[in-house]
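Protein chains in written order, with the working numbering: chain A, 1 to 247; chain B, 1 to 265.
In case anyone wonders, no lab produced these hints; they're calculated from the structure.
Quick reminder that beta carbons are idealized off the backbone N, C-alpha and C, glycines included.
There could be a bad hint or two in this list.
Computed footprint of chain B on chain A; a stretch qualifies when at least three of its residues, placed anywhere within it, have a C-beta under 8 angstroms from a C-beta of chain B [to be verified]:
1. 164-176
2. 184-194
Taking CB as the label site, the calculated pair distances span [what the hints assert, rightly or not]:
3. D60(B) x P168(A): 47 to 55 angstroms
4. V245(A) x D193(B): 16 to 24 angstroms
5. R169(B) x G7(A): 52 to 60 angstroms
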Amino acid sequence: MRAFTRGLLGIAGFLVLWELLGRSPLIPAHALPPPSVVFGELVSQLTSPEFLSHVVATVLALLIAIAIAVAIAVPSGLVLGSVPAVRHATRAVIEFLRPIPSVALIPLALVMLGFGPETKITLAVYAALWPILFNTIYALDELDPLQVETARVFGTGRLGVLFAVALPSALPFVLTGIRLAATTALVVMVSVELMAGSQIGLGYFIMEARSGPGRMDQVLVGTVVAGAIGVLLNSGLERVRRRWVAW
Amino acid sequence: MSNMLEVADLGHTYGDHEAIGGLSFTVRAGELVCVVGPSGCGKSTLLRTISGLVSPTRGDVSLHGSHLAVVFQDYSRSLFPWLSVQGNVEFPLRSLPRAERRARAAEALEWVGLSGAARKRPWQLSGGMQQRVAIARALAYRPALLLMDEPFASVDAQTRFELEDLLLRVRREHDTTVLVVTHDIDESVYLGDRILVLSGSPARLVADLEVPLPAERNQVTTRTDEGFVALRSKVARLLNVGKPSMDVEKWAAAERESLSETVPS
Numbered sequence: 001m002r003a004f005t006r007g008l009l010g011i012a013g014f015l016v017l018w019e020l021l022g023r024s025p026l027i028p029a030h031a032l033p034p035p036s037v038v039f040g041e042l043v044s045q046l047t048s049p050e051f052l053s054h055v056v057a058t059v060l061a062l063l064i065a066i067a068i069a070v071a072i073a074v075p076s077g078l079v080l081g082s083v084p085a086v087r088h089a090t091r092a093v094i095e096f097l098r099p100i101p102s103v104a105l106i107p108l109a110l111v112m113l114g115f116g117p118e119t120k121i122t123l124a125v126y127a128a129l130w131p132i133l134f135n136t137i138y139a140l141d142e143l144d145p146l147q148v149e150t151a152r153v154f155g156t157g158r159l160g161v162l163f164a165v166a167l168p169s170a171l172p173f174v175l176t177g178i179r180l181a182a183t184t185a186l187v188v189m190v191s192v193e194l195m196a197g198s199q200i201g202l203g204y205f206i207m208e209a210r211s212g213p214g215r216m217d218q219v220l221v222g223t224v225v226a227g228a229i230g231v232l233l234n235s236g237l238e239r240v241r242r243r244w245v246a247w
Numbered sequence: 001m002s003n004m005l006e007v008a009d010l011g012h013t014y015g016d017h018e019a020i021g022g023l024s025f026t027v028r029a030g031e032l033v034c035v036v037g038p039s040g041c042g043k044s045t046l047l048r049t050i051s052g053l054v055s056p057t058r059g060d061v062s063l064h065g066s067h068l069a070v071v072f073q074d075y076s077r078s079l080f081p082w083l084s085v086q087g088n089v090e091f092p093l094r095s096l097p098r099a100e101r102r103a104r105a106a107e108a109l110e111w112v113g114l115s116g117a118a119r120k121r122p123w124q125l126s127g128g129m130q131q132r133v134a135i136a137r138a139l140a141y142r143p144a145l146l147l148m149d150e151p152f153a154s155v156d157a158q159t160r161f162e163l164e165d166l167l168l169r170v171r172r173e174h175d176t177t178v179l180v181v182t183h184d185i186d187e188s189v190y191l192g193d194r195i196l197v198l199s200g201s202p203a204r205l206v207a208d209l210e211v212p213l214p215a216e217r218n219q220v221t222t223r224t225d226e227g228f229v230a231l232r233s234k235v236a237r238l239l240n241v242g243k244p245s246m247d248v249e250k251w252a253a254a255e256r257e258s259l260s261e262t263v264p265s
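Looking at chain A on its own, in the form it has when it is part of the complex (with noise of 0.2 angstroms):
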């Protein structure tokens, strides 16, 4: 409880600042609305379709990359991680491929995937794949021996100690890897709507309001629900983590 409410005075604290500053003649009016514009205009907007549709397709399409990201990722991790022949012969690849900010793939990812939803999900798939492929793949070389050994004494062969064993002991690290994921995916998400001209999102309607009528309190609304999705998927995740893998 009292660590709930030093959080609550810390939010607190951060809204009067912005509104200080927003208030203040040091920074022109129209460029940082303060919370209380802001806020007025996240009720408005959030009764608004069109802003609502914004949201949904942001949202869907990062729980998309979420989901593909996840179905790559893991069983490419259980290979890498359990056969050692195609971690070395991967390694190489991997760690070139790796470093490559998503955002530096986006004019080639345009001209191969067009305009569409393909694009930003492709992106944001890309940013995901390596947090969960490597949390994978620790998780594996951290796989206690003497558990393999349990198995195999009660007669388990070598894929039932993929699945039953070596899977289950993996799970708390690759939840904590997709929880990563999550929020790297959703920063491309939305960096691919602002930059590469799509037609709905988040980032596009942040892109609107700025370059067409300059709406800086519009810009701040999309910023904050942006910024709201990331936490509840990040706190939706480590729920999820104490709820089914405490151990």
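Keeping the supplied structure of chain A fixed, place chain B upon it in accordance with the hints.
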């Protein structure tokens, strides 16, 4: 009595380190045999070769039954934390139909007095209870041979006594054949029908001793029984004889040194 396990000229070498140097012995059906030897004498290697985790570089291990079960020393790592106690005990039975699996796990948990903890997670239990779960898991598998690797070395003395008596009761009630590997001389005499004494590295058989004690053992009276005391001393002497003379000299020198340190000046 028929033999349940036959070990013939078993030897194992890691690189140029010979861990086991040609062991031959048998375990008869229904018998509880203790293997006792100095630390690092290759007892773990022996257990790993018998359980099939390691194939020996020479010799044969033949088990007269379809499978064996192992109880490891480190129960906290050997139980699966993502499974309930019930799930852990059912683990070796995964090929059986669900109802039979349930019934056999429930039965094994009852044998070790843990019926009430079936839905808990292993890490919610005390160390002694966790090791009882591991014993129940092994029993539920209905093994031809129950192998135990220093099974009570990681629990406190009180719990250790309880678990020793639990093992004796359970194996009497269910006629289980057991091979216990231990470094504890007292434990080997208290538990065993027979004791195999091993020498230091490489492990060789120094003696194969019958334990001349009644089948019913008691933590208080058995341990003060003349037969118990005599056999314990005999095993202790054998273990010293089994050591290379160098080690005995080193040990004696260390002993003299520690004595001179404690003498008040």
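Verification of the hints:
no.: 1; hint: 164-176; in the structure: holds (count 5)
no.: 2; hint: 184-194; in the structure: violated (count 0)
no.: 3; hint: D60(B) x P168(A): 47 to 55 angstroms; in the structure: violated (36 angstroms)
no.: 4; hint: V245(A) x D193(B): 16 to 24 angstroms; in the structure: violated (45 angstroms)
no.: 5; hint: R169(B) x G7(A): 52 to 60 angstroms; in the structure: holds (55 angstroms)
Going down the numbered hints, you'll see the structure goes against 2, 3, 4, while the others check out.
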